[in-house]
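J.: Each protein sequence line maps, in turn, to chains A and B. Using the numbering used here, the final residue of the first sequence is 429, and nothing's skipped along the way. Using the numbering used here, the final residue of the second sequence is 622, and nothing's skipped along the way.
For the record, the hints were derived by calculation from the structure and aren't laboratory data. Watch out, some of these pointers could steer you wrong.
Selected chain B positions facing chain A (in silico; Cβ < 10 Å) [stated by the list, open to error]:
| hint | residue |
| --- | --- |
| 1 | L14 |
| 2 | R20 |
| 3 | Q51 |
| 4 | N57 |
| 5 | D353 |
| 6 | Y529 |
Distance windows between CB atoms, simulated [what the hints assert, rightly or not]:
| hint | chain 1 | residue 1 | chain 2 | residue 2 | range |
| --- | --- | --- | --- | --- | --- |
| 7 | B | E118 | A | Y150 | 33 to 43 Å |
| 8 | A | W76 | B | Y149 | 49 to 59 Å |
| 9 | A | V143 | B | V44 | 47 to 57 Å |
| 10 | B | R196 | A | T338 | 35 to 45 Å |
| 11 | A | F308 | B | L489 | 53 to 63 Å |
List of simulated lysine to any residue pairs, SDA-like, C-alpha gap at most 25 Å [unchecked claim]:
| hint | chain 1 | residue 1 | chain 2 | residue 2 |
| --- | --- | --- | --- | --- |
| 12 | A | K295 | B | N52 |
| 13 | B | K10 | A | F135 |
| 14 | B | K124 | B | E110 |
| 15 | A | K244 | B | L14 |
| 16 | B | K12 | A | R69 |
| 17 | A | K192 | B | G19 |
| 18 | B | K12 | A | K295 |
| 19 | B | K10 | A | T193 |
| 20 | A | K244 | B | P15 |
| 21 | A | K295 | B | V223 |
| 22 | A | K206 | B | K124 |
| 23 | A | K192 | B | F21 |
| 24 | B | K10 | A | S236 |
| 25 | A | K295 | B | Y41 |
| 26 | A | K192 | B | E13 |
| 27 | B | K10 | A | R360 |
| 28 | A | K295 | B | L14 |
| 29 | B | K10 | A | T247 |
Bear in mind the structure is a predicted one, so any value in this text is a computation, not a measurement. Using N, Cα and C, we set each Cβ at its ideal position, and we do this for glycine too.
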Amino acid sequence: MFDRRLVSNFDWVLLLTVLLLAGIGVANLYSATASWNPSATPLYLKQLLWLSGGVTIALIVCLFDYRHLEFFAVHFYWVSVGLLVYVLVLGKTSMGATRWINLGFFNLQPGEVIKIGMILLLARIFAKTANPFGFGLLELWKPALWLLLPVILILKEPDLGTAMMVIFIAASMLLFAGLKRGTIIGLTLIGALLSLVGWFGLHDYQRARIRTFMNPEADPLGSGYHIIQSKIAIGSGGFFGKGFIQGTQSQLSFLPERHTDFAFSVFAEEWGFTGSFVLLMLYLFLIVWGLYVARRAADRFGLFLAVGVTAMIFWHIVVNLGMVIGLLPVVGVPLPLFSYGGTSMVTTMIGVGLLMNVSMRRFMF
Amino acid sequence: MGLDIKWKELPVVQGRFLFYSAAAAVIFLLLLLRLWYLQVISYEDLQNRSVRNRTRVLSLDAPRGPIFDRNGTLLVDNRPAFKISVMRQEVEDHSLLFERLAPLLEVEVSELEERWQMGKRFPVYRPVPLAEDVSREIMERVQEYSVDLPGILTEVRPVRDYLEHGSAAHLIGYLGEITEKELQSGSFDQYRGGDFVGKTALERSFDSYLRGEKGERLVEVDVQGKLLRQLQVEPPRPGNKIYLTLDRELQRAADEAFGSQSGAAIALDVNSGEVLAMVSRPTFNPALFVKGIASDEWRALAQDSRHPLQNKVIGGQYPPGSTFKMVVALAALREGIAGPEHSVDCQGDFVVGGSRYRCWKKKGHGPTDLKKALSESCDVWFYQIGLELGIDKLSAAAKEFGLGAPVGYPLPGERSGLMPSQDWKHRRYGKPWYAGETVIASIGQGFVLATPMQLAVMMAAIANNGTLLKPQVIRQVEDWEGNLLLQSEREVVRQINYSPQAWKAVQDGLVAVVNTPRGTGQAAYLEDVIVAGKTGTSQVVRRKSDEEEELDEDGEIPYRFRPHALFVAYAPAEKPEIAIAVVVEHGQSGGRAAGPIAKKIIKRYMELKGNHPAGQEE
Numbered sequence: 065m066f067d068r069r070l071v072s073n074f075d076w077v078l079l080l081t082v083l084l085l086a087g088i089g090v091a092n093l094y095s096a097t098a099s100w101n102p103s104a105t106p107l108y109l110k111q112l113l114w115l116s117g118g119v120t121i122a123l124i125v126c127l128f129d130y131r132h133l134e135f136f137a138v139h140f141y142w143v144s145v146g147l148l149v150y151v152l153v154l155g156k157t158s159m160g161a162t163r164w165i166n167l168g169f170f171n172l173q174p175g176e177v178i179k180i181g182m183i184l185l186l187a188r189i190f191a192k193t194a195n196p197f198g199f200g201l202l203e204l205w206k207p208a209l210w211l212l213l214p215v216i217l218i219l220k221e222p223d224l225g226t227a228m229m230v231i232f233i234a235a236s237m238l239l240f241a242g243l244k245r246g247t248i249i250g251l252t253l254i255g256a257l258l259s260l261v262g263w264f265g266l267h268d269y270q271r272a273r274i275r276t277f278m279n280p281e282a283d284p285l286g287s288g289y290h291i292i293q294s295k296i297a298i299g300s301g302g303f304f305g306k307g308f309i310q311g312t313q314s315q316l317s318f319l320p321e322r323h324t325d326f327a328f329s330v331f332a333e334e335w336g337f338t339g340s341f342v343l344l345m346l347y348l349f350l351i352v353w354g355l356y357v358a359r360r361a362a363d364r365f366g367l368f369l370a371v372g373v374t375a376m377i378f379w380h381i382v383v384n385l386g387m388v389i390g391l392l393p394v395v396g397v398p399l400p401l402f403s404y405g406g407t408s409m410v411t412t413m414i415g416v417g418l419l420m421n422v423s424m425r426r427f428m429f
Numbered sequence: 005m006g007l008d009i010k011w012k013e014l015p016v017v018q019g020r021f022l023f024y025s026a027a028a029a030v031i032f033l034l035l036l037l038r039l040w041y042l043q044v045i046s047y048e049d050l051q052n053r054s055v056r057n058r059t060r061v062l063s064l065d066a067p068r069g070p071i072f073d074r075n076g077t078l079l080v081d082n083r084p085a086f087k088i089s090v091m092r093q094e095v096e097d098h099s100l101l102f103e104r105l106a107p108l109l110e111v112e113v114s115e116l117e118e119r120w121q122m123g124k125r126f127p128v129y130r131p132v133p134l135a136e137d138v139s140r141e142i143m144e145r146v147q148e149y150s151v152d153l154p155g156i157l158t159e160v161r162p163v164r165d166y167l168e169h170g171s172a173a174h175l176i177g178y179l180g181e182i183t184e185k186e187l188q189s190g191s192f193d194q195y196r197g198g199d200f201v202g203k204t205a206l207e208r209s210f211d212s213y214l215r216g217e218k219g220e221r222l223v224e225v226d227v228q229g230k231l232l233r234q235l236q237v238e239p240p241r242p243g244n245k246i247y248l249t250l251d252r253e254l255q256r257a258a259d260e261a262f263g264s265q266s267g268a269a270i271a272l273d274v275n276s277g278e279v280l281a282m283v284s285r286p287t288f289n290p291a292l293f294v295k296g297i298a299s300d301e302w303r304a305l306a307q308d309s310r311h312p313l314q315n316k317v318i319g320g321q322y323p324p325g326s327t328f329k330m331v332v333a334l335a336a337l338r339e340g341i342a343g344p345e346h347s348v349d350c351q352g353d354f355v356v357g358g359s360r361y362r363c364w365k366k367k368g369h370g371p372t373d374l375k376k377a378l379s380e381s382c383d384v385w386f387y388q389i390g391l392e393l394g395i396d397k398l399s400a401a402a403k404e405f406g407l408g409a410p411v412g413y414p415l416p417g418e419r420s421g422l423m424p425s426q427d428w429k430h431r432r433y434g435k436p437w438y439a440g441e442t443v444i445a446s447i448g449q450g451f452v453l454a455t456p457m458q459l460a461v462m463m464a465a466i467a468n469n470g471t472l473l474k475p476q477v478i479r480q481v482e483d484w485e486g487n488l489l490l491q492s493e494r495e496v497v498r499q500i501n502y503s504p505q506a507w508k509a510v511q512d513g514l515v516a517v518v519n520t521p522r523g524t525g526q527a528a529y530l531e532d533v534i535v536a537g538k539t540g541t542s543q544v545v546r547r548k549s550d551e552e553e554e555l556d557e558d559g560e561i562p563y564r565f566r567p568h569a570l571f572v573a574y575a576p577a578e579k580p581e582i583a584i585a586v587v588v589e590h591g592q593s594g595g596r597a598a599g600p601i602a603k604k605i606i607k608r609y610m611e612l613k614g615n616h617p618a619g620q621e622e
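Pulled out of the complex, with its shape left as it was, chain A reads as follows:
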């Protein structure tokens, strides 16, 4: 049963790119938390642990043929939705939003699980229904329902960032499956209308964040603080940066959340434009490689799976970077492979495992 080609076709490029990015991320965490209390377990060590766990998970995900997942996609989706309902009813409250299920060693975030669940389900649907002419608006009511159910549940938590991510991933996959011109226009109008309605449904803190994003200097010590401090950190890095562990903004704690959402600010401060450029090129390479994997996929399910996973990684990168450099509102989206946190690492690595799975089985029919 075990095919020798699986080894020879193993996607080393993907794995090495991922390890390189995660390695830089761990080093950056080392710097970001250098001024922290040394008696506790250093955060970068914990992140290394998550990374090795993540790689293990990715390899496990490689072991079985992804095509089995097509069958389980619907079950997986319902389990994910079930978890979302579960946190809404019984979850652990943190920062005013209910997002976690405490598993003892791990805080499971159903919001993360549903990202994978959605990718699997949509890959299955689009693999079956994609046609050369593209979808019309009326053909979309079914996928729309599949999407809206978890999105509404996530918004109820409330977790605007994750809801947006799920929508972006779905939209990317849908667009790839192909839409009629009229459908694109129609969806755009519906989206605009929904965001207008959504503005009034937002929580105060969410609206504050968006307002602050529009004009951060209006409230420099309040909600604008994150963005201003992050911009100062990044900008003061200049072309070559202040040097490893030399970033004053981060080392002197002016930068909040510098180990999680704002980890890139620390990196940009210490490595300057040069470092930022290299890091962004690595990320871009990862995205293009993901699309390359999709293109070489043996079947449509594999193709959509790869597109979905790539879209997930892509949107996380763009939304996180856009946020820390002041192009997008602060929504609390981590930078994949870079921000500290087990959940993000596990989700990303499951995605990477799926990509490798699709990649190494590209010749198997």
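Based on the hints, put chain B in the right spot on chain A.
T.: Relative to chain A, chain B alone:
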């Protein structure tokens, strides 16, 4: 499966891979452009902001210049004081902070709240002072809990230390928080709100010499304002050293001699005009002002009917009474109205224009010449001579001696006293001058007013045969490298010309005041030195000479109606060095109340002179 391949191989689907890759690249390019904008184009601005973010300039207060006496004895110094302030920008919940802080500082929360509100007038990055000059224990306690007190700063700064407490406080003056008006005036450009500046007397007039230059400390802080390390220090430059003309020992003797009575005493060097001792009573402790005086303490001082904040030496205006008689005598001698032997028969009163003016001695002095008139202070002699002289000549003579106008005391607060003339009265009241007014002016009553400083300056001029000297209080100002920044020179206001016989006649009369059995100033008699002096007892409430005095139940005149006691003197009579004026408010009798004070000052002066003969100038 074949269908799969077909769909995937469609050019439109193949194009999507390219489109997606290109879209990703474009979006990344946008991110990079933004990074370029931040890290390259805005670099300088954001770099500056990051520097400001982590560095803070703490200003270091300069110690004010020390003040010494003429012999280099320290009178006013500085000591370290601990100050607690708060950085407003680092406080999220100030009520919670103050609730924790108030018990540590042993104050009410409301007081801290008040300070916080006051601090809102200033930029957010400026620390708001919460408690000035707290004890070392309180400061240590606050530092111990600093983790729970985000934004609280403890600072050490120099504050004034008055080694002599209230002594010469009116000369030195006190400090106070700078006012909005002073800040805007431009003459305090280095100062900021909350700083202390000289408010009165020497501290105010010489503020520019005393203030020094502030230093700066550039420190790196983290976001809690916690000081991480010092980057750069520019130490403050202390203020310049001021040497006064005062002699601390003589000042102490004068303070002690005056006791708890109200009034003023001043000792001048007859030959230089230098102030050797200056007492104004009641006094105040300038140390009360160093942390900002409490409002009730301030009210107590400002509303005290005995005026402790006024420098009575230059600001107290008293009818000079009989201490004015020398001027009348000298003018009469110069005008040829009366020679030294001119005799008047004193029967105890004098009648002019239907009014009767009494001599202080009801039964009269009998036949009286100038010497006796001075030594026994016969009023009738001067009534008559003064009337013959006329008010305008009297006034002119007095003005020559510095009465009726400021004598040029170098610090603010001097008042001019009053020397009336016909013209003055016409201008002031629109009424003609009456002869009776000349009569009472001749004994230094009525409209005549003089400050103790004026009387001392007058006395010095009588002692040195007419050289009217401007009083000096500052000997010199030196910086810390020993450079002389300012040195006071002897300043002659004018030379007053009288014949040697005239000077001698008056001077002999003054010696007789103290040194003859019937002299009114025997209380100032000293064995080792001949003192020349003149008593004065001046009435406070102007009343007609024949009016009955009102007495209180003990048969005494109520305090506020009691006459002021004056004594002016110089010594040694044969070669005068020191001139003195003493006013004891409501002291009843010049000879008994003021004389002994002058005597003690002179006695101490002679003792000190014996102790350091080489050190004395001249």
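J.: All the hints need checking, so say for each whether the structure fits it.
T.: Hint check results:
1. At its closest, the beta carbon of L14(B) sits 6 Å from a beta carbon of chain A; the interface hint therefore holds under the 10 Å criterion.
2. The beta carbon of R20(B) is positioned within 10 Å of a beta carbon in chain A (closest approach about 6 Å), and the interface hint is therefore held.
3. Given the 10 Å rule on beta carbons, the hint for Q51(B) holds: about 4 Å separates it from the nearest Cβ of chain A.
4. A cut of 10 Å between beta carbons decides the hint on N57(B): the least distance to chain A is about 5 Å, and the hint holds.
5. At about 86 Å, the closest approach between the beta carbon of D353(B) and any beta carbon in chain A exceeds 10 Å, and the interface hint on this residue is violated.
6. A cut of 10 Å between beta carbons decides the hint on Y529(B): the least distance to chain A is about 78 Å, and the hint is violated.
7. Range check, E118(B) to Y150(A): about 53 Å between beta-carbon atoms, so the 33 to 43 Å window is missed.
8. Between W76(A) and Y149(B) the C-beta distance comes to about 58 Å, which sits within the given range of 49 to 59 Å.
9. Look at V143(A) against V44(B): about 49 Å separates their beta carbons, and that is inside 47 to 57 Å.
10. Look at R196(B) against T338(A): about 43 Å separates their beta carbons, and that is inside 35 to 45 Å.
11. Against the hinted window of 53 to 63 Å, the Cβ-Cβ separation of F308(A) and L489(B) comes to about 54 Å, which satisfies the hint.
12. A distance of roughly 12 Å separates the Cα atoms of K295(A) and N52(B); the hinted pair therefore holds under the 25 Å criterion.
13. The straight-line distance between the Cα atoms of K10(B) and F135(A) is roughly 23 Å, inside the 25 Å bound, and the hint therefore holds.
14. Restraint check for K124(B) and E110(B): the C-alpha separation of about 23 Å stays at or below 25 Å, so the hint holds.
15. Of the pairs offered as hints, the one joining K244(A) and L14(B) holds, with about 16 Å between alpha carbons and a cut-off of 25 Å not exceeded.
16. Only pairs whose Cα atoms come within 25 Å are accepted, and K12(B) paired with R69(A) is accepted, the gap being roughly 23 Å.
17. Distance restraint check for K192(A) and G19(B): the Cα-Cα separation of roughly 20 Å lies within the 25 Å cut-off, and the hinted pair is therefore satisfied.
18. About 43 Å separates the Cα atoms of K12(B) and K295(A), which puts this hinted pair outside 25 Å; it is violated.
19. For the hint linking K10(B) to T193(A), the alpha-carbon distance of about 14 Å falls within 25 Å, and the restraint holds.
20. Among the hinted pairs, K244(A) with P15(B) is consistent with the structure: their alpha-carbon atoms are about 16 Å apart, no more than 25 Å.
21. Pair hint K295(A) plus V223(B) holds up; C-alpha atoms about 23 Å apart against a cutoff of 25 Å.
22. As the CA atoms of K206(A) and K124(B) are separated by approximately 60 Å, the hinted pair breaks the 25 Å bound.
23. Between K192(A) and F21(B), the direct Cα distance comes to roughly 19 Å. Compliance with the 25 Å bound is thereby established for this hinted pair.
24. Annotation: proposed proximity of K10(B) to S236(A) holds, straight-line Cα distance about 21 Å (limit 25 Å).
25. Note on K295(A) and Y41(B): the hinted pairing holds, with a Cα-Cα distance of about 11 Å set against a maximum of 25 Å.
26. With a C-alpha separation of about 16 Å, the suggested pair K192(A) and E13(B) falls inside the 25 Å cut-off, and the hint holds.
27. Of the supplied pair hints, the one linking K10(B) and R360(A) holds, its CA atoms being roughly 14 Å apart against a limit of 25 Å.
28. Only pairs whose Cα atoms come within 25 Å are accepted, and K295(A) paired with L14(B) is rejected, the gap being roughly 45 Å.
29. Distance hint between K10(B) and T247(A) is fulfilled; the C-alpha atoms sit about 23 Å from each other, no more than 25 Å.
When the structure is compared with the earlier hints, violations turn up for hints 5, 6, 7, 18, 22 and 28 and for no others.
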